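Student: Listed below, chain by chain, are the residues.
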Amino acid sequence: MLRALGVGSVEDLLVDLPPAVRLDRLDLPPGSSELETAACLRRLAARNRVYEDRLCFRGGGVYRRFIPAAVQAVISRPEFATAYTPYQAEASQGTLQAIFEFQTLIAELTALDVANASLYDGATALAEAAMMAVVHTGRSQVVVEGYLHPEYEEVLRCYAAGRGFVIRAGLEAVGEDTAAVVVQQPNFLGLLEDVEEVAGLAHRWGALAVVCVDPISLGLLAPPGECGADIAVGEGQQLGLPPSFGGPHLGFVACRRELVRRLPGRLVGQAFDAQGRRGFVLTLTAREQHIRRERATSNICTNHSLCALAASVYLTYLGPEGLRRVAEVSFRRAHALAERLWALPGVEAAFPARPFFNEFPVRMFHVEQRLRRLGEAGILGGLPVARWYPDRPELRDVVLFCCTEVNDPAALDLLVEVMGRA
Amino acid sequence: MLRALGVGSVEDLLVDLPPAVRLDRLDLPPGSSELETAACLRRLAARNRVYEDRLCFRGGGVYRRFIPAAVQAVISRPEFATAYTPYQAEASQGTLQAIFEFQTLIAELTALDVANASLYDGATALAEAAMMAVVHTGRSQVVVEGYLHPEYEEVLRCYAAGRGFVIRAGLEAVGEDTAAVVVQQPNFLGLLEDVEEVAGLAHRWGALAVVCVDPISLGLLAPPGECGADIAVGEGQQLGLPPSFGGPHLGFVACRRELVRRLPGRLVGQAFDAQGRRGFVLTLTAREQHIRRERATSNICTNHSLCALAASVYLTYLGPEGLRRVAEVSFRRAHALAERLWALPGVEAAFPARPFFNEFPVRMFHVEQRLRRLGEAGILGGLPVARWYPDRPELRDVVLFCCTEVNDPAALDLLVEVMGRA
Amino acid sequence: MTEPLSFEKSRAGLAPPRLPEAEVEAPDDLPERWRRRNPPRLPQLSEPEILRHYHRLASMNYSAAERFYPLGSCTMKYNPVLNEQLARLPGFAELHPYQDEETVQGALELLWQLERALCAVTGMDRMTLQPAAGAHGEWTALRIVQAYHRARGEERDQVLVPDSAHGTNPASAALCGFTVVEVRSSPEGRVDVADLRGKLSGRVAALMLTNPNTLGLFERDILEIAELVHGVGAKLYYDGANLNALMGICRPGDMGFDAVHLNLHKTFATPHGGGGPGAGPVGVRRELVPFLPRPTVERDGDRFFLDHDRPASIGRVRSFYGNFGVLVRAFAYIVAMGGDGLAQASLDAVLAANYLRRRLEGALDLPHPGPCMHEFVASARNLTPHGVRAVDLAKGLLDLGFYAPTVYFPLIVPEAVMIEPTETETRATLDAFADAVHELVRTAQARPDDLRSRPLRLPVGRLDEVAAARRPVLRWMPAGSEGDPRP
Amino acid sequence: MTEPLSFEKSRAGLAPPRLPEAEVEAPDDLPERWRRRNPPRLPQLSEPEILRHYHRLASMNYSAAERFYPLGSCTMKYNPVLNEQLARLPGFAELHPYQDEETVQGALELLWQLERALCAVTGMDRMTLQPAAGAHGEWTALRIVQAYHRARGEERDQVLVPDSAHGTNPASAALCGFTVVEVRSSPEGRVDVADLRGKLSGRVAALMLTNPNTLGLFERDILEIAELVHGVGAKLYYDGANLNALMGICRPGDMGFDAVHLNLHKTFATPHGGGGPGAGPVGVRRELVPFLPRPTVERDGDRFFLDHDRPASIGRVRSFYGNFGVLVRAFAYIVAMGGDGLAQASLDAVLAANYLRRRLEGALDLPHPGPCMHEFVASARNLTPHGVRAVDLAKGLLDLGFYAPTVYFPLIVPEAVMIEPTETETRATLDAFADAVHELVRTAQARPDDLRSRPLRLPVGRLDEVAAARRPVLRWMPAGSEGDPRP
Ligand SMILES: Cc1ncc(COP(=O)(O)O)c(C=O)c1O
Ligand SMILES: Cc1ncc(COP(=O)(O)O)c(C=O)c1O
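Each protein sequence line maps, in turn, to chains R, P, A and C.
Numbering follows this note's numbering, with no gaps: position 278 of the first sequence is 386.
Numbering follows this note's numbering, with no gaps: position 244 of the second sequence is 352.
Numbering follows this note's numbering, with no gaps: position 86 of the third sequence is 124.
Numbering follows this note's numbering, with no gaps: position 419 of the fourth sequence is 457.
Derived from the structure by calculation, the hints contain no laboratory data.
The structure presented is a predicted model; accordingly, all values stated were derived computationally and were not measured.
Incorrect hints may have been included.
[As the list claims (entries may be wrong)] EDC-like cross-link-like pairs, simulated, lysine to aspartate or glutamate; straight-line CA separation at most 16 angstroms: (1) Lys47/A to Asp469/C; (2) Lys47/C to Asp469/A; (3) Lys237/C to Asp292/C.
[To be verified] Part of the chain C face toward chain A, derived, beta carbon under 10 angstroms: (4) Pro86; (5) Ser97; (6) Ala103; (7) His346; (8) Pro349; (9) Asp469.
Every residue gets a Cβ at the ideal spot worked out from N, C-alpha and C, and that includes glycine.
Required output: the full structure, derived from the provided sequences and hints.
Tutor: Structure follows, in structure tokens:
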């Protein structure tokens, strides 16, 4: 190729670089063979502790769930994995149709009208929803009600600080400057909120109701669309994605049809060719950065398409009845576990009056010691929440336990047994 | 569907079954969910000990080697994995072309004219080659020279007992009844044989020379075709397949062009369509069971196609120079290790005068105790051969060590260190 | 679009992939006389090129994962993707066959349990899991029967095989040194009992029977047949490649069979791999057990072990213990399905076959009265007057996005079209396939040339197999190399 | 052939997959008021149908694994398959983000080492690995710059963005509350330094620059630009989505950049996934380090830990620590390539782009003088007289088995055709692509209608995007359900 270009070396093509910036040598070790690369990464992987799924009772936004083998079989297909964002629709119908199905699945799950093609994660999805509301209402405050996941709140505040809106806490703060009221269902502590009431209040003040949901819970719990929400967002990790130390996971956002042109990110719509054959295209792109630049609804370009595909396979595998059963098994096991834990000496329900779904807060003595003992028994115990609430003494000794269909009864027994040791 | 058939239940379709044979109930546990199925199999898998590749020094026909990730990426494609034998050529060009390439790769590796589409394993490939010779020469004896893998010999004897030919041992037995002389290179003990001499003798008596080879060794060692062999067979596990407790692996057979119509199993050949486009088809099927029935060259129908595909990807990944390097690294490391082991007190070379490739026999005191100690250090030590040679006292304390590119120098050090402990 | 051969894309002089260095002192001092003179002409391609090459080849294949694959006698059911993941678990895939027994207890238990499950399905007393495929299993079973007779001092030299049998049956018998004697089928497609009776004698070692036979018909007279065979001291052998109709419905053992082989790569849902690897376990009744290949897997309390000490054994039929990776998949299938699931699968398979058979009435000839079991054989001889043959119908189906049924087998049906839908296909798929056959039959009548020109929508058109076999080119050769390896 | 929607194939009443039972006493006593009234209308399909559905969808996609994907600005290089396997190791994939630090030392070390490696490549002092994509990284970097200025008591309200910049640049700036001021490009395609000078002031927080810019041209005046920007106290920000020309060649830090984002899903070979997930780490120079998102990963001897105690931090930009699975792949890529390999990759990328550019001379307009860096922008305006547009050329390429280049971007080039071949393509592929473009240009001249009718060989013909946006249908609705959700 050099010969075709009439140059002696690639250096001759780098004529525009100021000599001062030309690097001598990249300061990294030399390359390695595939065998050695794999060995290096395996060594690192071996220095992490992997808890058995069934012995993992820690959630806090990331959960172990049964992942059907079909998910991996689909998302590892290189036709999906190594395609770009589907700019050339006719050569990307696989990706496009999969996204269209994903949008429908999320709309059905949330009982709202439309959903987008995906966002980065639950936290950024919530921030995007808040910004939708700020733009839509032209107001400058967002009210957070109840125990919102502390990391989601931190992300929300980071976006607000840039974009220039204010976060306020508690329904008391709702007023005529309120763009949106945000509530998480179940909340960070696993407790159920009264979303309908929150939405009612928001609407009375002309604000939007934004609900952050656990998608699995929607197999059992009333979905945002049945509770008056205008926008629903959430984290889709539970829909077929491994914990993977926190990512990549899957943000989703759904809304009422009136808000569709405010949606961030990609949207896929139905289209037809000259012969009348149905296909799918990226649509409503006039919202987006590559057309609208600084006036776009968001800066989203690459989103989490392959994760959305995983979620689609997962939900399609379960179907409506399967999803309900997964939710129900999680609910029932968590409640059985809660009863047994609360019955232990030195352990009590942190919010005994509040209903929960499959995660619940427990107050106990000797938090650290108990968790250490669980660890020795191979169990990843619940999540202590105190670090996020340094000024809340009533949450100091609270630990959040979760339970899903992967935690079989024998695992529950073991947990209770170790927790019960003097 | 029942309605379309006008029957009330499937029972009504089972009219031809004598009632006496109708089963009440299949005596097996009820089915389980995917989660529980996976748990059941994982429990079984967890009850096996997995040695790190680099600490595995046991061969005896199955070896740890570096397997490029490309192999798994290709063979897990459902288009390859879930197709049948390519009866409909036009809809099976992927499989057919892959086999055609495999045939070429094996022919090149062995330096013979043609190879077939695959056989079950090295042992049955050897038996098939012996039967080719028996039919081709019309003679009734097969002579085995040197240390042939004892399991291969047992398989050969099993086929001979059915088909009606006789196995004899040692070059002394060669004579005018000899259909073939069989030799393994390197032999079961890892030692190099003089294949050229064996082939010369066979040919002088009008017999065929059959060589059973280690395909990796052919990166360095003179191939059968350069040594006068008429048929080469071998075990292809090392070409990209995991040990998998002994299977599925890969038998291959290659031969001189005069013998092609004696080959067992599938053969793929080039063909053209009416427009002159090249494609590939199953060919010379007049040798095969579905055409020739009891007069077929073999009964092979399903062979080991997907394993052959793995081998093709493996060999294509390495290329000629890569294969040579893998063979050379194995050779050099094995020789370095041998020197160090032989230098230990109470350990000596079992056949000091004989050259070897990457596996070598060591005679030592305290075989069991030493292997146990290696096991405690996480090492799968060499293979004691005594169990196959109960009448050969000189092999009683002999252990076969092998070394490949996965056994890094630190692994060698550890092995030597533990072996040297008093 | 066709794809060049990897050899044709090879780039001479390309650097090999990065590989580990030896990092030891020892030189490569292999004496010259053992050293290879000419390196093999393997292709030289980079990793991205290799992947793209094989991805493109993959896209040139029809597969059961993507399409209906109604290949009769092949049971192309859905292969659960979970099982692929399980077979790759390091605790299975990374086991060396010569590890000490104490370190492979899970593997041995799996083999032990799988044997028990297959015995439950077949009604046999013990199984060997060694054989690598169906044909290998047939031969193994015949070797066992042969050893049994020999142990009784009898050298029986004949094996009876129905004319409808799969080609591997006579081939396996011949490979085992037997003379094959063919048994005729009756006009209705079942064993002609009178013909059988005439051929039975003290020379007969075994009758190889497939039931349901390859026409998809249950051998109604099976109990009588068994009695006749046993009457001359012969053994009754069951070709269980076709067990998919019978799981939980009836057991070969209860029909009087003495030996059975199974194709786990059919009935037990392991993928066929474009031609293997499969697994062909063989089950036998008590009196044949001593002759099973060794080692067997035995249990002693909680401990599992390999028993090599079996003096009457025929020996080994292959190295190690069978196609373990395939056995893992089959075991996972059985665990997931359970007794109830397997029985349901067979019922569903029978229903699907009968439904599809009904849907094809009027399109193709159905030479044998139904109902059928899990498959059926139609005949395209009704198209012969239009100059259209079964192969033309097959190629027409490819163009419509279906794989073709098995054609020209069994040999006793002219223009045979052998169809096996399996239980994992939906009614919608069966309907679409039936519609396609009807459409092609109409095309055959109206525009026979059209059908004879098919396929037109695949990477290549109809390939000339006759010319290919006349001057076979079985490998790539570098351009300009001396001669080509045509035999 | 197109494929029905999963919803359209749904079989009402189909039994759900087998799932575990609760096996506990506790009933489902969720109070009614929290209970869902109408179940979601998810599809009801069996596992085999689901797999077949998605396999068929897969076969309707072009992908880099199978074809040349010359999409400019997207760096569709080969994604090593090893890295997919490594990211799935249980020791990575099964880690809970809230496990105790002592149990995730390997993961933290990986993050720490990856940060060091990316600093070496970019010349930055520290990096955050949190951002999930390029645009997310841009916004994160601007938030850091904003926090920096605010900490100094300055509320700068403008961000300068060249007119050639990627759309995410102005969008990210706006999302961060800045007013975007566009900087003009000179006729030769580089920043118009005079225009820049005029727009710089104390209101400017940062200039966002891409270098090589989106035309594939290196900004020759970069050192002067840096001086000017720093002169008004603003920060110079580097859009490193396009780093593929510069690894080991030169470092943004040495050019005077203060903050950088990288697209690991481009330069560092992690697969794009049909639109993510990616990773957009952000590197900064010393004075911006205090403002990095928290937590950072720190090392104390042999121990690695998360540092949450960073009072000046902008906070979090997402949950947890980044797209860890993507970071694992990128790290594996760096280990495999090494310093030498990365530098060679950039040299090869530049060579491939220049070669392809040369090969296209005479076919398309090349509005800017070369040499280019890793990509280049041609213009199809020479086809306008024939009534053929860039989009027609793109669709024609699809029919010839290539993905199309990026078209109509950058906005400053009419009928832009932006081509990035990457280092992992062979000369043979580049030649085949160039030949195809030449062929299409000839077609455009001879038979423009032909090109405007393309594609004809794909599952669907050219889709009417305008009509689709006019009455958007964004989801499936059951037949006969009230209304459709058209906004
Ligand atoms: C009825 C019957 N018997 C035997 C076989 C042979 O099995 P295999 O191909 O596994 O050798 C087959 C399948 O091909 C078959 O259909
Ligand atoms: C130059 C440039 N900047 C920024 C981006 C945005 O990156 P992402 O799509 O990861 O958000 C892209 C890619 O789309 C790009 O090409």
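Student: For each hint, tell me whether it holds in the structure or not.
Tutor: Each hint tested on the structure:
1. Annotation: proposed proximity of Lys47/A to Asp469/C holds, straight-line Cα distance about 14 angstroms (limit 16 angstroms).
2. With a C-alpha separation of about 14 angstroms, the suggested pair Lys47/C and Asp469/A falls inside the 16 angstroms cut-off, and the hint holds.
3. With a C-alpha separation of about 24 angstroms, the suggested pair Lys237/C and Asp292/C falls outside the 16 angstroms cut-off, and the hint is violated.
4. Using the Cβ-Cβ criterion of 10 angstroms, the hint placing Pro86/C at the interface with chain A is satisfied: the shortest such distance is roughly 4 angstroms.
5. For the restraint placing Ser97/C at the interface with chain A, the shortest Cβ-Cβ distance is roughly 7 angstroms, inside the 10 angstroms limit, so the hint holds.
6. The beta carbon of Ala103/C comes within 5 angstroms of a beta carbon in chain A, closer than 10 angstroms, and the hint placing it at the interface holds.
7. This hint is violated: His346/C has a C-beta 36 angstroms from the nearest C-beta of chain A, more than the 10 angstroms allowed.
8. Interface restraint check for Pro349/C: the shortest CB-CB distance to chain A comes to about 46 angstroms, outside 10 angstroms, so the restraint is violated.
9. The interface hint given for Asp469/C is violated, since its Cβ lies 13 angstroms from the closest Cβ of chain A, which is over the 10 angstroms cut-off.
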